[in-house]
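With the sequences and hints as input, model every part of the structure.
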Amino acid sequence: SQQGEEDPQALSIQEGENATMNCSYKTSINNLQWYRQNSGRGLVHLILIRSNEREKHSGRLRVTLDTSKKSSSLLITASRAADTASYFCASPAGANSKLTFGKGITLSVRP
Amino acid sequence: NAGVMQNPRHLVRRRGQEARLRCSPMKGHSHVYWYRQLPEEGLKFMVYLQKENIIDESGMPKERFSAEFPKEGPSILRIQQVVRGDSAAYFCASSPRGLGEPQHFGDGTRLSIL
Numbered sequence: 001s002q003q004g005e006e007d008p009q010a011l012s013i014q015e016g017e018n019a020t021m022n023c024s025y026k027t028s029i030n031n032l033q034w035y036r037q038n039s040g041r042g043l044v045h046l047i048l049i050r051s052n053e054r055e056k057h058s059g060r061l062r063v064t065l066d067t068s069k070k071s072s073s074l075l076i077t078a079s080r081a082a083d084t085a086s087y088f089c090a091s092p093a094g095a096n097s098k099l100t101f102g103k104g105i106t107l108s109v110r111p
Numbered sequence: 001n002a003g004v005m006q007n008p009r010h011l012v013r014r015r016g017q018e019a020r021l022r023c024s025p026m027k028g029h030s031h032v033y034w035y036r037q038l039p040e041e042g043l044k045f046m047v048y049l050q051k052e053n054i055i056d057e058s059g060m061p062k063e064r065f066s067a068e069f070p071k072e073g074p075s076i077l078r079i080q081q082v083v084r085g086d087s088a089a090y091f092c093a094s095s096p097r098g099l100g101e102p103q104h105f106g107d108g109t110r111l112s113i114l
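Chains as they are written, first to last, in my numbering: chain A, 1 to 111; chain B, 1 to 114.
Since the hints were made in silico from the structure, they are not lab data. None of these values were measured; they are calculated from a predicted model. Take the hints with a grain of salt, since some may be wrong.
Pulled a few chain B residues facing chain A out of the computed Cβ check, cut under 10 Å [what the hints assert, rightly or not]:
#1 74
#2 85
#3 88
#4 91
#5 92
#6 95
#7 97
#8 103
#9 104
Note that CB positions come from ideal geometry on N, CA and C, so glycine has one too.
Now the structure itself:
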């Protein structure tokens, strides 16, 4: 079953603008992770937020977590053309650490 | 420190043949995960292995698919008697402790079935 669902499915912005991507999940989580995938490449881990955290920053990335709404958001500030990629949220499922992914958000940043 | 290495990057097989996909985890990582990705889709979990043991294979099709992670050498995902529907990108990921920490992914093997 699909744990994370990202929104919107596709996002197109101008370089320099901020990009906000949302993720909703169904069951309780220990942590939620965001990954980036460039075309033809594997996933790269961006940031992890634990269930007892509400906000976390890493460079131009800001992640929030609302466990009452079972949702998370990823904000990329001052976007660059190099940020063009697909973004996925995922959380470890069950007793094992397998990740359950959503379908992802395709972000296009126009130069 | 080399990342997760997968080979081959591209694999073409005819229906009925066998496909073997290899994955060498990052140095020091003993937990390996295999995922499958169809076009425009997210990754779907297949199997989770720790050295010489299958921990969770709940995402593996019951027939034709098998995986191993021997004491020495890479992890292998094996697909027997491939069919067109097996065409996909197969990704391997590794982690050091398997406790829900971030996973490190290879660049995948793109399997095409003729």
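- List in ascending order the numbers of the hints, as given earlier, that are violated by the structure. Of the numbered hints given earlier, those the structure breaks are 1, 2 and 3, listed in rising order.
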